[in-house]
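*Asks:* Start from the sequences, fold in the hints, and give me the full structure.
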Amino acid sequence: MIDNKKHLVQKSRRQFLRNAGALALGVSPLRSLAATDNNEGVSLAGGMRPLVKYPEKRDLILVHSRPPHLETPFSVFNESLITPNDAFYVRYHLANIPTEIDLNKYKLSVNGAVKKTLQLSLQELKSMADPVDVVAVNQCSGNSRGYSLPRVFGAQLSNGAMGNARWTGIPLRTVLEKAGVSPEAMYVIFNGLDKPVLPTTPDFKKALNIDHALSPEPLLAWGMNGEDLPFLNGYPLKLIVPGYFGTYWVKHLSEITVLDTEFTGQDSYFMNTAYQLPDNDCLCITPGSTADKNRPISTLPVRSFITNISAGDTLPSAKPIELEGIAFDDGSGIKNVDISIDGGMTWLASTLGENLGRYSFRPWKLAVSFPQKGNAIVMVRASNKNGEVQPLRATWNHGGYRRHAIESVAINVT
Amino acid sequence: MSNNTSFITLLSPMIIGTLLTIVALACISPSVSQPYASTDTTIKKISLPASTISLPVSKLPGYNLALQKCTICHSVDYIHHQPPGMDQKAWTSAVFKMQHSYGAPINESDINSIGAYLSVVYGTAKTDDPKIIEASKSTVSSSLSTEIIDVQVLLTNNGCTGCHDINKKIVGPAFKSIANKYKADTDAISKLVLSIQHGGSGKWGSMAMPPMMNVNNEQAEALAEFILKQ
Chain A
1 MIDNKKHLVQ KSRRQFLRNA GALALGVSPL RSLAATDNNE GVSLAGGMRP LVKYPEKRDL
61 ILVHSRPPHL ETPFSVFNES LITPNDAFYV RYHLANIPTE IDLNKYKLSV NGAVKKTLQL
121 SLQELKSMAD PVDVVAVNQC SGNSRGYSLP RVFGAQLSNG AMGNARWTGI PLRTVLEKAG
181 VSPEAMYVIF NGLDKPVLPT TPDFKKALNI DHALSPEPLL AWGMNGEDLP FLNGYPLKLI
241 VPGYFGTYWV KHLSEITVLD TEFTGQDSYF MNTAYQLPDN DCLCITPGST ADKNRPISTL
301 PVRSFITNIS AGDTLPSAKP IELEGIAFDD GSGIKNVDIS IDGGMTWLAS TLGENLGRYS
361 FRPWKLAVSF PQKGNAIVMV RASNKNGEVQ PLRATWNHGG YRRHAIESVA INVT
Chain B
415 MSNNTSFITL LSPMIIGTLL TIVALACISP SVSQPYASTD TTIKKISLPA STISLPVSKL
475 PGYNLALQKC TICHSVDYIH HQPPGMDQKA WTSAVFKMQH SYGAPINESD INSIGAYLSV
535 VYGTAKTDDP KIIEASKSTV SSSLSTEIID VQVLLTNNGC TGCHDINKKI VGPAFKSIAN
595 KYKADTDAIS KLVLSIQHGG SGKWGSMAMP PMMNVNNEQA EALAEFILKQ
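Here the protein sequences come in this chain order: A and B.
Under our numbering, the very last position in the first sequence is 414; numbers go up by exactly one each time.
Under our numbering, the very last position in the second sequence is 644; numbers go up by exactly one each time.
These aren't lab readings, by the way, just hints derived from the structure by calculation.
Predicted, not measured: the structure shown is a model, and the values here were computed from it.
Every residue gets a Cβ at the ideal spot worked out from N, C-alpha and C, and that includes glycine.
Don't take every hint at face value.
[Claimed, not checked] As a list, the in silico DSBU-like pairs of lysine-lysine whose alpha-carbon atoms are at most 35 Å apart:
#1 Lys545(B) / Lys205(A)
#2 Lys105(A) / Lys597(B)
#3 Lys643(B) / Lys195(A)
#4 Lys105(A) / Lys583(B)
#5 Lys107(A) / Lys583(B)
#6 Lys126(A) / Lys105(A)
#7 Lys590(B) / Lys195(A)
#8 Lys545(B) / Lys503(B)
[As the list claims (entries may be wrong)] Label-pair distances were calculated between CB atoms; the ranges are:
#9 Asn631(B) / Gln123(A): 54 to 60 Å
#10 Asp130(A) / Gln566(B): 49 to 55 Å
#11 Pro316(A) / Thr466(B): 39 to 45 Å
#12 Asn111(A) / Gln566(B): 30 to 36 Å
#13 His514(B) / Ser109(A): 26 to 32 Å
#14 Gly288(A) / Asp542(B): 27 to 33 Å
*Replies:* And the structure:
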């Protein structure tokens, strides 16, 4: 079922505080407590993150304003399996972002090691092939970075830098095939209309291996959940790379360049220097040390969340309670989602719900009953068909990337 | 401007949310894409809210440098929302990264000074720590009257061209627009010098210009003359 779900605790403490804060506007203790909610357990140098209203968006959590970076409040993931467009997170790297796009002037340029350079309008793209749909999770590489220990610099995200949407477009390879890719091609580089402020700052460009670019998965999408892409999610065209972290999903896509060489130079920064993981089995290092070798971040590790309870909630004992949540991975497919209500001593298998496709959030639910009163730790652990299981403890890397440890929610049972 | 924007303005966020949920529910059946109505207008335009967070005031020289340099490329909330408890070394290396990886126009002395300031106001360092004092006093003075003033170098080193273009508005107004506004003003040079050194009031848009405290009078006058000639 993907209909609107109800939070298990109708009036959680946090909602109460938020309502109280709204009524008693300007009363500082309540306001600051309510604002704590936006940090979702992440402490910050400058205090609490405000909720802000951006074009085509409901109130989202401010990470930073120039360039815009907005996080989805976690409660949204309890509303529906598909993340609504107005709640979907926003992340830019460079401050010269487009604020006006005229479709009469917009062109997607396809160039480099191709037989024929293309300049395509959105209309031309739309008429190149029958549109296809994929439901896929876009998760930021740094989602949950705020929980990294020791802490690392970077956007101090809670768990809301992710979303699940139905993307509509045409396969990337349709365009590449039309341009005629050189047999020597190695990479395909993607660039969008967002630009750096200074000429000394690298532009935001990402690369896919040619084999990946020519596979059926990557899409050039103009539609998101049955509407045009919201401006801040990359209108009018976005690269969709199912199973891969959001860093590859280039917004306001304007240029595709086929390379028959390595990708080098200042503008290869976000591919070759940033968004790197230690190149070893665990993709991790001991805090403070440096990896001998790094490699670009790529696919989503298996991950799961409980969406209908949150930390500090109060639940009744000896009463059936249906826990609900989501799990996702790189497209291998979710195998099991297990729940523990005793802090990880014993695990119970949940029931998986509707399958919207292998790249989508997969819902799960399980009725549990808390035998005794007091504090309880509820945990969720997913495994996938590729044999991956979420680890109990998070590993560490310098960028605070790719967090996917088992989530624990501390609640009170009365 | 466009139908799209006015459509969005008219609807409350709650209604949009509901509509989107309905749309999402309607498209759940997999495989072939269902066509959907798109607006006729070809121009889509947004306007972004201004940042409301400012840097904590401090007497440390790194404060003015941070005001001037950091905000060339990003809002203050970028800094404000970093982890607590970081020390001077950590903050200084974060500022170094801004220069080394992102090409921020800051020299070694600026990096040390900004790092010291940020670690005091956001981290574990104390203003009277000898290391903070040492890192803060190294600011290079560029007020030598004998130096040759090169406007292009000034524009680059102070990050002016990050926000201003000669012909078109970026974040700040085009130099041509400024020249046009002040063309009949006999006091234009001193007004521009004031804006350059002490920052703008936001009269050109939502993003006020940061003060360029390191630009001395001769340099500011040279910049003002250059801008007014456009």
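*Asks:* With reference to the structure, classify each hint as holding or not holding.
*Replies:* Hints, one by one, checked against the model:
| no. | hint | in the structure |
| --- | --- | --- |
| 1 | Lys545(B) / Lys205(A) | violated, 39 Å |
| 2 | Lys105(A) / Lys597(B) | holds, 34 Å |
| 3 | Lys643(B) / Lys195(A) | holds, 28 Å |
| 4 | Lys105(A) / Lys583(B) | holds, 19 Å |
| 5 | Lys107(A) / Lys583(B) | holds, 22 Å |
| 6 | Lys126(A) / Lys105(A) | holds, 16 Å |
| 7 | Lys590(B) / Lys195(A) | holds, 22 Å |
| 8 | Lys545(B) / Lys503(B) | holds, 10 Å |
| 9 | Asn631(B) / Gln123(A): 54 to 60 Å | holds, 55 Å |
| 10 | Asp130(A) / Gln566(B): 49 to 55 Å | holds, 53 Å |
| 11 | Pro316(A) / Thr466(B): 39 to 45 Å | holds, 42 Å |
| 12 | Asn111(A) / Gln566(B): 30 to 36 Å | holds, 31 Å |
| 13 | His514(B) / Ser109(A): 26 to 32 Å | holds, 31 Å |
| 14 | Gly288(A) / Asp542(B): 27 to 33 Å | holds, 28 Å |
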